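Colleague: What follows is the residue order along each chain.
There are 2 protein chains.
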Amino acid sequence: MLQQLNKEVLLKRREALEQVIKRRFIYQPAFSLYGGVAGLYDYGPVGCAIKTNIEQYWREHFIIEEDLFEIAATILTPEPVLKASGHVDRFTDLLVCDSKTGTGYRADKIVTETLENRIAKEGDKLAADVKARYLAVIKDVDTFKEDKMKEVIAELQIKALETGNDLTDPTPFNLMLPTIVGPSTKLPAFLRPETAQGMFLNFARLLEQNGGRVPFGAAQIGLGFRNEIAPRGGLLRCREFQMAEIEYFVDPTEKSTFKKFNKYINLEIPLLSRQLQAEAKQHQPFKMGDAVKEGIINNETLAYFICRTYLYLVEIGINPVNIRFRQHQADEMAHYSSDCWDAEIEMSSGWVECVGLADRSAYDLNAHSTATGYKLQAARKFKVPQPRQVLQVILDKQKIGKELKKDGMALIKYVEALPDDEKQELSEYYQTHEDKVFNIDGKDLTLNRELVKFEQKTMNVMEEKFIPHVIEPAFGIGRILQAIIEHSFNQRDDPQKTFFKFSPRVAPVKCSILSVVQSEEFDVVIQELTSSLKKLGISCKTDNAGVALGKKYARTDEIGIPFAITVDKETLTTQSVTLREIETTKQVRVPSVEVPRLILELSAGLILWTDVLAKYPVFAAKEEDA
Amino acid sequence: MLQQLNKEVLLKRREALEQVIKRRFIYQPAFSLYGGVAGLYDYGPVGCAIKTNIEQYWREHFIIEEDLFEIAATILTPEPVLKASGHVDRFTDLLVCDSKTGTGYRADKIVTETLENRIAKEGDKLAADVKARYLAVIKDVDTFKEDKMKEVIAELQIKALETGNDLTDPTPFNLMLPTIVGPSTKLPAFLRPETAQGMFLNFARLLEQNGGRVPFGAAQIGLGFRNEIAPRGGLLRCREFQMAEIEYFVDPTEKSTFKKFNKYINLEIPLLSRQLQAEAKQHQPFKMGDAVKEGIINNETLAYFICRTYLYLVEIGINPVNIRFRQHQADEMAHYSSDCWDAEIEMSSGWVECVGLADRSAYDLNAHSTATGYKLQAARKFKVPQPRQVLQVILDKQKIGKELKKDGMALIKYVEALPDDEKQELSEYYQTHEDKVFNIDGKDLTLNRELVKFEQKTMNVMEEKFIPHVIEPAFGIGRILQAIIEHSFNQRDDPQKTFFKFSPRVAPVKCSILSVVQSEEFDVVIQELTSSLKKLGISCKTDNAGVALGKKYARTDEIGIPFAITVDKETLTTQSVTLREIETTKQVRVPSVEVPRLILELSAGLILWTDVLAKYPVFAAKEEDA
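As given, the protein sequences belong to chains A and B, one line each in that order. Sequence positions in the first sequence follow our numbering and run 17 to 642. Sequence positions in the second sequence follow our numbering and run 17 to 642.
Derived from the structure by calculation, the hints contain no laboratory data. Any given hint might turn out to be false.
In this list, chains with the same sequence are indistinguishable; a pair is considered to hold if it fits within one copy or across any two.
[What the hints assert, rightly or not] Restricting the straight-line Cα-Cα distance to at most 27 Å, the calculated cross-link-like pairs of lysine-lysine (DSS-like) are:
| # | residue 1 | residue 2 |
| --- | --- | --- |
| 1 | K551 | K276 |
| 2 | K585 | K202 |
| 3 | K517 | K297 |
| 4 | K303 | K155 |
| 5 | K202 | K99 |
| 6 | K557 | K276 |
| 7 | K399 | K517 |
| 8 | K202 | K413 |
| 9 | K303 | K631 |
Just so we're clear, the structure is a prediction, and the values are computed from it rather than from any experiment.
Using the sequences and the hints, build the whole thing.
Modeller: Given below as structure tokens:
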């Protein structure tokens with residue numbers, strides 16, 4: 017558990033872990049042969065298998081459990097879509113460059129790093145008020161706009177890190193990677209910065225698949241891209257990163273209650289609420305039912321997904337004591353958002369945001385409706401008629417008929433049939449305009465405002481249209497993977513003997529099949545076992561090399577294979593093998609034919625190692641020290 | 017089976033299928049709200065789930081079975097990588113534009129379409145020699161280079177399709193999508209056109225994971241991008257498409273024998289060999305052992321992957337009679353390739369290449385070695401020493417010592433320790449140069465050719481270096497998905513009643529849970545069943561609406577849910593439900609507690625529907641016609 021280790025032990029541990037990550041190619045910088053590109057990483061076999069497994073379990077835990085609609089939309093996204101969503105104008109970081117070399121820095125990062133260096137270097141020599149000023153800037157610098165940033169850089173004499181040269185003025189740098197689609201149309205496009213837009217754009221199709229009813233959720237697992245100014249921190253800040261996102265569409269009048277939340281009202285989760293942050297306090301556990309009742313979390317739907325996220329993280333092997341949910345400050349959230357929480361995981365580099373859970377209200381559906389004219393709405397159906405204020409259009413039919421003759425009838429029919437929201441728009445239009453031109457059947461027909469009146473009237477209606485709100489849990493798969501690797505990493509008494517205690521469903525390979533010594537007789541058994549495991553779709557790694565069994569265990573431990581099957585002399589007479597668990601290194605003796613099923617059920621979380629220990633005779637091993 | 021249907025039936029069927037694809041959002045054009053972008057498609061819930069399932073089974077069938085190393089490399093790829101691989105210079109199609117409007121066409125496509133139109137329109141009025149000329153051009157047009165294409169366009173008076181305007185001269189258009197990474201470095205990069213390069217670049221890391229031994233294979237499932245000039249044909253030609261590729265690295269002296277191939281020597285697979293094509297014959301079944309023995313397929317390793325590919329396609333639901341493997345013509349292959357086969361699947365649009373299997377020799381590893389200076393090699397280890405011609409460097413140590421003093425010793429040590437290939441390079445260098453400067457420990461030391469002699473000598477060696485060859489099976493997931501959907505589509509006696517006969521492991525949702533009538537008692541049972549299915553990670557769809565059971569079946573049939581569990585009155589007294597299979601619509605009565613396990617095993621292919629029929633009493637249904 018990270019909390020219980022001091023800084024020095026943590027760093028040593030991190031160093032040992034880095035070596036394993038490199039030696040066993042869990043992940044590594046991409047394009048090393050060509051000098052590398054910052055912020056791009058390749059996952060090797062171990063990292064890739066873990067990634068696949070946590071994605072697959074995400075499908076089970078979220079998509080299957082909540083009956084979400086999983087889709088796969090494209091990465092290539094035309095510019096107008098991202099203009100409407102706000103990304104073209106606002107998806108930026110402030111960039112400053114070395115005025116002589118041109119090297120780029122993220123403004124907030126270079127300010128923070130410079131001031132932290134000064135504090136560390138000057139120590140007690142630093143005047144108290146200067147230090148206080150530095151700390152205040154560090155705390156807020158990521159919220160500074162261009163002007164404020166420029167002021168602070170001048171005031172605190174921030175210079176380029178490597179050269180000490182002056183910095184250019186801060187300018188917003190758009191973080192989307194641009195491309196051009198097609199040879200003749202030359203359509204400007206971007207690589208999507210998040211998977212969310214694909215789900216908003218398919219809202220109407222998915223609503224139809226759900227029989228027109230909300231709530232329902234869309235989900236997507238896929239890549240996002242950000243042209244980070246100066247990426248650092250391994251998998252924590254990449255230019256290309258795997259995400260898993262949910263857009264859960266709800267009726268805003270219903271989001272405060274979520275039936276399935278009932279089973280979690282007594283679940284305790286560490287929250288760092290807005291208030292606790294204001295009081296400079298630590299996170300503390302809350303019963304989730306209370307957190308909603310006391311207004312700490314805005315609504316049950318959001319709280320339900322916080323619970324599900326917490327349970328997911330714990331299930332895939334994140335240490336529960338290193339998880340907290342931090343609420344966004346009011347000025348940290350987008351203006352349309354009513355509440356926002358980050359699942360933060362404590363790693364060697366501190367608390368890292370790994371999942372964002374935001375109530376985005378109707379912002380996105382509204383934005384695309386406005387941009388395209390398609391109404392992204394749902395209908396609220398009533399069991400009994402409900403009285404509603406309805407705007408009625410009263411037309412002077414006589415005058416219209418006189419003026420427009422036959423066309424007048426078409427115009428009347430058209431205007432009276434307008435949906436409620438367009439009647440509303442029309443009434444607003446006439447407040448500032450004299451005439452409105454309607455194009456009906458290819459003819460332009462003008463309607464003067466003298467001929468139209470609007471009247472609010474109470475009517476009984478059976479349904480009304482609304483724009484759903486959306487609750488968005490967004491998972492950063494790379495960050496979560498990094499956390500799992502850190503939290504699972506262990507060293508035995510001999511610190512050279514490292515192992516990962518992965519949850520079996522997350523483990524990259526489910527079992528190894530080893531022989532105590534090299535022998536053709538054993539090879540036959542190993543082959544039979546391998547083939548029955550593969551038939552069940554279970555990944556396994558055989559090792560029949562002529563080295564000591566202890567060394568074979570060390571190799572499989574190093575990449576976190578949770579179970580080791582060993583073939584020994586007794587196997588040939590009793591058709592049984594030993595089965596060893598990685599953390600305890602305890603072994604049991606199991607009939608060979610029962611092993612594949614056992615591994616399958618252990619890997620799927622259907623049974624636990626303690627169940628195996630209870631059922632089969634313990635085998636006292638000597639080979640461990642070999 | 018497509019073969020047995022005539023064209024008209026096929027087209028009607030295709031039309032009905034298109035309607036289902038749209039109505040049930042299996043996949044649809046992306047960005048429709050914004051007018052759409054050609055060649056970009058979004059997968060809806062049904063399409064996305066099938067995609068996930070065929071990828072997951074690809075992992076079992078290839079990665080687990082062959083112990084391949086799966087990796088996840090990046091899509092963003094710096095330009096020098098794709099320069100080395102040949103894509104920057106040669107990954108092009110010939111583009112012609114409407115000289116007035118600028119609309120772009122793929123030259124081969126516009127020529128083909130124009131000539132086909134003329135043949136269809138003119139019919140018998142077309143002179144025989146003109147028609148023969150048209151057909152000859154159509155056959156070869158995709159191999160024409162710029163000059164030849166220009167000639168043909170002039171000769172046959174090919175004009176822009178919509179306007180009849182003149183066309184611009186054909187120019188190569190690079191099909192890679194460009195981008196720029198980073199704010200200050202501004203690194204030119206492309207979106208990868210295939211996943212292969214990521215595996216070549218990680219060759220050395222993977223070789224190390226395999227203990228330095230070949231053969232071994234790398235695998236990758238991920239997106240590729242091609243900026244198609246004028247994409248058409250739905251999922252068959254997209255600008256963004258999912259691929260699954262294997263790079264199987266072998267010792268070139270060993271690729272002709274592949275131990276596991278033995279079990280497939282009697283497997284019959286339809287081949288359309290180079291010779292059959294030359295004779296204008298149809299494909300015909302070959303025993304795979306014979307195909308290798310007779311030299312039709314170049315080597316056992318390639319043949320083995322053809323067998324595995326065939327078995328994979330059949331297992332996921334492609335009709336075996338609509339599969340053939342077509343060999344590339346000698347002029348169709350890259351010069352370095354020794355053999356190349358495409359798995360083609362017959363669909364409503366004809367035979368479509370869905371998997372390419374190529375022997376790429378040492379081309380790619382060589383290309384990146386040359387570009388970067390890193391030697392991407394493996395070592396062949398001998399059990400007994402082998403005589404080999406070795407180039408020896410004989411240095412005039414006395415003179416060197418005299419000239420360079422202490423540095424001379426360092427120089428001698430350095431040159432003598434050079435690897436064999438660098439000694440070879442050195443000997444070639446001195447054939448045209450007088451002096452060579454070595455930088456040793458930061459010092460530039462010059463060695464004149466008078467002081468060096470080279471001598472070929474036979475020596476016994478224990479190992480030698482070589483560049484592995486690579487066999488590359490590359491799967492187009494979207495095309496395979498399209499084929500599965502076409503081959504699985506069926507209509508009952510009432511052609512409005514459509515269903516998909518998906519293989520259970522591919523089916524998007526594994527079962528539906530229905531009630532004969534709406535009732536709260538039934539809802540409780542449905543909820544219990546749903547929750548035990550979800551616990552096993554099985555996707556299911558409940559439908560307790562107040563509509564006739566026949567209608568509910570029709571809804572689940574339409575998206576190809578293979579099994580339907582129905583809760584009826586008897587369920588409440590005997591704790592049993594009925595289980596219905598989609599194709600036969602036969603039903604059995606099964607104890608409720610046994611159902612989840614049964615669905616799990618049916619979905620994993622561990623048992624078949626016939627096993628279920630044999631074990632449980634048949635239930636005579638009346639509801640089907642309701």
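Colleague: So which of the earlier hints does this model not fit?
Modeller: 2, 3, 4, 7, 8, 9
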